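Could you slot chain W onto chain C? The hints should help.
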Amino acid sequence: MHGYEFYVDPSRCIGCQSCVNACAECGTHRGVSMIHLDFFDREWTTASTPMVCMHCENPTCAQACPADAIKKGEDGVVRSALKPRCIACSNCVLACPFGVPKVQIEMELMMKCDMCYDRTSVGLRPMCATVCPSQALMYVTPEEAARLRRDIPVNTFHFGNQEVRTKVFMYLPQGSQSLDVDVVSDMWRQE
Amino acid sequence: MAKPPLPVEELERVYGPTLNYTPPGGWTQSAHHAADRLVKTHCCFCGQQCGIQLRVRENEVVGFEPWDEFPFNRGMLCPKGVKRYLQGSHPDRLLDPLVRTETGFRRASWDEALEATSSGLRQIQEKYGRDSVAVLGGASLISEKSYLLGKFARLALGTRHIDYNGRLCMVSAGTAYKLALGVDRNPNPWADIPEAQVVIVAGSNVAECFPITTDYLWRMRDNGGKLIVVDPRRTPITRNADLYLPVKPGMDTALFSGILHVILREELEKREFIQNHTTGFEAVAEYVKEWDPRRTAEMTGVPPESIEKAARWFGGAERAMALHARGVEHHSHGVENVLSIINLCLATGNIGRPGAGPNMITGQGNGQGGREHGQKCDQLPGQRHIDDPAAREYVAKVWGVEPDSLPRSGYSAVEILEAIHRGEIKGLLSICFNPLVSLPDAGYIREALNKLEFFCNIDFFLSETAHHADVVLAGSLQEEEEGIVCSGEGRVIKINKAIDPPGNARGDSRIIVDLAERLGKGEYFRFASTRDIFEELRVASKGGTADYSGITWERLEKEMGLYWPVPAEGHPGTPRFFEGGHFKHPDGKAHFLVADVKPGGDPLDESFPVHLTTGRVVSQFLSGTQTRRIGPLVDQIPEPFVEIHPELAARHSIANGDAVKVITRRAEVTLPAMVVRTIRPDTVFIPYHWPGAKSANRLTHRTLDPRSKIPEFKSSACRIERAGAAPGPNGKPAGQLKVLGAR
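Line by line, the protein sequences are chains C and W. Be aware that the first sequence starts at 1, since it is given in our numbering, and climbs by one per residue. Be aware that the second sequence starts at 1, since it is given in our numbering, and climbs by one per residue.
Because the hints were derived from the structure by calculation, they are not lab data. Honestly, I wouldn't trust all of these hints.
[Claimed, not checked] Taking CB as the label site, the calculated pair distances span:
hint : chain 1 : residue 1 : chain 2 : residue 2 : range
1    : W       : ARG677    : C       : LEU94     : 30 to 40 Å
2    : C       : GLY123    : W       : ARG651    : 39 to 49 Å
3    : W       : GLU535    : C       : LYS83     : 31 to 41 Å
4    : C       : LEU148    : W       : GLU298    : 54 to 64 Å
5    : C       : SER178    : W       : GLY316    : 30 to 40 Å
6    : W       : GLU639    : C       : PRO142    : 42 to 52 Å
7    : W       : GLU266    : C       : PRO142    : 39 to 49 Å
8    : W       : GLU9      : C       : GLY27     : 38 to 48 Å
9    : C       : GLY3      : W       : ASP222    : 14 to 24 Å
10   : C       : LEU94     : W       : GLU639    : 28 to 38 Å
11   : W       : ARG665    : C       : LEU94     : 48 to 58 Å
12   : W       : ALA528    : C       : GLY27     : 56 to 66 Å
13   : C       : GLY123    : W       : ARG665    : 56 to 66 Å
14   : W       : ASP36     : C       : SER90     : 34 to 44 Å
It should be emphasised that the depicted structure is a prediction, and the values quoted were computed from it without experimental measurement. Here a beta-carbon is modelled for each residue, glycine too, at the ideal position from N, C-alpha and C.
Next comes chain W alone, as it looks inside the complex:
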């Protein structure tokens, strides 16, 4: 049984989240500024991967200093980056392995904890078969750890089932780009954005989730470009939008079909490009014929004249870009939504040039790199497919095993939890993933975790998911191991080690290598350092789509990163894809694919007549395992809230600050209302970073996109009720909660 050994409140009393406000030594000691050294590295949070310098004294990170020279952000940082250093020397930090007891957790030696883990996993595999154990990884891990984890699952455990929390990030985009363009990488460097004459930002709360991209968009406008924002909410980036399209949640494909309809009607498409560099245009042109502006307006809630204007601007520009993120991707038809954006760019010839192209804004720190080297359920290093015989043969040779010994494709992240729930998977090793907060239908996820016969979690803090663990292995923060990540641009960059893991905590890579040894597979894991892992990754990726063979750590530092593929030493890297209309399919062409408008998996009806959509706030990151422990970030937005338009609020007699019950087919959650005119009246929004009773993901549903396996976080059916001025935390009325900017 993997139920938490104590009530959550008691675990939280010991393991946090505790709010850390001050650097080691406190503010008053001058020690704060007496750093021994500055370590140039990158932020541990989102896919922008801003350059930052950590101030280090002895073995503690005591502050930060902007890094002006790193070209992507030139010193700029969001509040998460500014306060990130407070996660170091944190009172909640796990300094020893923990083993579960009847009454909580007790500290254990590494020998005991590693032995309990290897024997726990082995016993389950002996009893139920190899695939009864699964591995969950994360897209915040450096690429060396991601690679190691994939190899560990396939060789040390021999299980098919390894997947990662990048499954909640941009997989719909990755799938669509692979289908249409032949490769899963963002096509343009960010430096292209200011060159564009028109930029569509679709389903991306840029200002809060990718703050540095704001500067690129504002510079595009300084250059005379136009900004079009597509979102059910007027997020802060909309304040300078030249055109705002308030799309109904889930209706993105309809909107982009309508825009393409007008482009074709006005003959703004680039015939020569279409003819020479693409296939499948006629079928798409035929499909969008029925999406005239009037019908599109009825389905999307976007006025016909706005659709016409967007089409004329985008179709009339020489250089246009379409940036998209989770808002279009988190749907059961997320792949279609992205395809409809790609079709728009292909039809107008906007691809493969400066300032022109579809671009995904990858969300997680190593969201791009973490999905390239074998951490995904269907993947081998170098972005190879695990069921491709040639890929199996090559990677098996690098690893020194027989190709037939490699497992085949396994389950994706949500499917792994579902297999646990139905009893097919009994054991779990998880790192860098907090599924209890981040996966949809949290009540169901909790039931699944409770059913595990053995669960080991590697983490630096005791996350809500780790409450369920039998063994917790005290792992490392990003600043405690050296390696590489690949940013959202496709730029591979160097993460430098600032300090050693504190106390008895250990580097994640060492923990995984030690587990492999105890599982009797040490001969395949003779890595003395993450550098050894990187050198093997280079070889394993060679000849693959994501070819890193020409990358060295030294080049990354000297050249401020390299865009993959880098197939040979001395190769300059590949900042921009598809130049000259050369695509990565065997036929060299881009493929138009019909994007069909489809309903969501949790349809609205009379009982549940309102869309619920979820997302992030600027001061928190993902499941909050780190950021809910950093005092100033918590103070900025301490609690989740429900954004409601005054029209909808009035129908339920809800005033700003009232407690509101949001009810879906799965659960109900009560939160304070934030009554604002910046959201569609048929939609409510809740940020998802919080656990327990305040968890937005108790409300969401598990419908997946059939191709990308991404959950449909961006549209659930709900209804709302006024729940009075119910007390918030600390007994304060909910209405007095400090919600950012609310009155």
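Bound-form chain C, shown alone:
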């Protein structure tokens, strides 16, 4: 769907797993869900977060693939591994900074979220972002996103020295420009 972007707002997630269940209904990977839904620490909180593929501009999974099986389309969507090429080595699983790809052992194939390109190519929103009851997953135009939400969508992430820019946006509290996930980035160290 031209002009639409995918937004993730972890703070809205209620852990219902509607996305997980709906993902498994998609035509290209029936019965298998590509979404990760994590509860941070259930003893302390009900907080949870969904994780879809972030569709990196320069995908680490593809860089790490020895079989050249992972391709990014012109639409910026990084596809699941090509079945004739994938050797199920799990390099991509280990390399992805967001922890997204999964190797389906019985199929000897890496599969991951492909942003429902079978749906978006015919004018339907991705399944997870359509059903999500809290709209923690949202698929709208940037103008609509700006109208709906107060927080800031970012698509630049720092993992240590690696900067990753993604097609998918993530909401951060107001004032944030990017997300640093490495403890080191918050440390003061003597030169």
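Frame of chain C; chain W shown alone:
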């Protein structure tokens, strides 16, 4: 005798629950996506009634597609809605009527089963009198079936005793709204929620029980509004609450009295509104005088500063809403609890405007509609009272009978089971109700079912209650008959038929009409279709409170539903009640009523020092008759568990995953512990969807609210003991059970 003919395990081997994971034809066949058509309809589960499109191939539901255009949910669905289609073409589906034998059930012809049912019921009535037979219905039935069932009980059986499982839903709210505002309907459309500046969510696990409402609340916060959550548990909706009030179970009236106390002390009340549009304010103001924040804090466990803050926010807002659900309603003083919330809204003038009002979140699919057209023990169609002479005269005329021939008010749901237990009621016809799982004090309910001399159950799966039946009539799923429901908003919507009942199963409405015929009353039931029933319902509701006379099926589809009353064709419907301060009492005013803080019916003492509260999880629905058969939903949360705060757990040396025995004055149940800091340390929680040894309702008690007759599910006295690492199902240690998110 209505004891199950075989041990439960053997019945379960034949009739399930079996877990269904794949659509008809399986995943691997491309057939999954080759649907003939999409049928626009609504989810069969909760009162949100999300729009959904069912994928249909030949006579099977093979999947779903979100329905973006339906304005309430705009494509959104919870996991139950997503996987609901797996209840179709299910291996457990009853495809023929069953008749009980010495060794189980055998398939029977419709002629035999219907004859056994009509003669079984007739013989009991001849021997013991008309009122020795009762009818139980359900709030998942479309309104046409609810209407038909009420008429069937009154005319075909002539019994006083018909009630429904909506009695376990929002009846305390309905009673309180009728008392205070003159009508039992939710006052605001959901589109009002994002307009509010402050919303209190009281006793409602919105994220798990009404997931779509989450989006409305988050949008309210996006607009700058504040969310206040009142609950003994930090449920997922609390993650973005601006203020959390961890109320002690059963102390809601005290908390809302304390909040109103501060509002009046700070002179935040709307004097002009109170003066012009209400009565009874002074008595309420006098009552809350003693509920200062300090005393309220002592009774509720909510800090005084939080009470002050809630009062200032709610009282200081131009537009404030208070949403409530079973957490405040499931008490022996549930009506008081709701009245205390209504009083808060009336005192601050928060009613009858966009973004302002008290609102009940109705739980069941047709929870609103199912309580409007005569399925309740004291009700005739159009939300009329059965003991009102004018109502009797009007409805009797529509039905073509003498007013005096209509029975008077009968027993409510729990009272019907109690009358069965003491031998007063001997025969039962039940549909869409699984009282063995859903009613309190399950051991007692089982004894009652065992005493029935004749029991017929209409159902699509063999529920735990149906194990006790003499005859089981294979009925229909929601997607197999066409009709209407009324959602929690008060929006009447259209349910479309996707398929015919499979095998020899039949539409519920046809079954009831056939039974009426065999009972010699066919002349009053000349319905060839549910549309015929709807057309009579329109006439029967005309002039009543819930007036549907201007509603047509065509308008519902075209206009995406209509909010009742719709008293004439062309009438736009009534999305918001009480605009301009006009209330539905004869005096046109809202009535403040003193809500007295009262103790519960199962008080704590030294032997039972902990509150037990029960509720739902996101992936199961009510007694689980449908959702415990859907594989992915069962996998999400396979077993019940006991939520325990680490402080309480430590006192009993309980670690996460240990087996814990929960003991009440009635029974004990052993379940795995889920040790979490998201619950008050004086309270434990168990979800109630499961039967047998894992049934939370073995522990609960039968105390009813004297006015609404709702059971007190939300507070029982219990004690807990560590029971070791007792084996769970399949011989696995309980600690290894997969409990959602637990470690």
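Okay, the hints, checked on the actual structure:
One distance hint, 30 to 40 Å for the beta-carbon pair ARG677(W) and LEU94(C), holds here, with the actual separation near 34 Å. In this structure the hint that GLY123(C) and ARG651(W) lie 39 to 49 Å apart at CB is violated, the actual value being about 58 Å. Checked against the hint of 31 to 41 Å, the pair GLU535(W) and LYS83(C) fails, with Cβ atoms roughly 57 Å apart. The hinted range of 54 to 64 Å is not satisfied by LEU148(C) and GLU298(W), whose Cβ atoms lie roughly 43 Å apart.
Between SER178(C) and GLY316(W) the beta carbon distance is about 38 Å. The supplied range of 30 to 40 Å therefore holds. A C-beta distance of roughly 44 Å is found between GLU639(W) and PRO142(C), which places it inside the suggested range of 42 to 52 Å. The beta-carbon spacing between GLU266(W) and PRO142(C), approximately 44 Å, falls within the hinted interval of 39 to 49 Å. For GLU9(W) and GLY27(C), the Cβ-Cβ distance of about 39 Å falls inside the hinted range of 38 to 48 Å, so the restraint holds.
The hint said 14 to 24 Å for the Cβ distance between GLY3(C) and ASP222(W), and at roughly 22 Å that hint holds. The given range of 28 to 38 Å is respected by LEU94(C) and GLU639(W), whose C-beta atoms sit roughly 34 Å from each other. For the pair ARG665(W) and LEU94(C), the beta carbons lie near 56 Å from each other, so the given range of 48 to 58 Å is met. A C-beta distance of roughly 40 Å is found between ALA528(W) and GLY27(C), which places it outside the suggested range of 56 to 66 Å.
The beta-carbon spacing between GLY123(C) and ARG665(W), approximately 60 Å, falls within the hinted interval of 56 to 66 Å. For the pair ASP36(W) and SER90(C), the supplied restraint of 34 to 44 Å holds, since their beta-carbon distance comes to about 41 Å.
The structure is inconsistent with the numbered hints 2, 3, 4, 12, although it conforms to all the rest.
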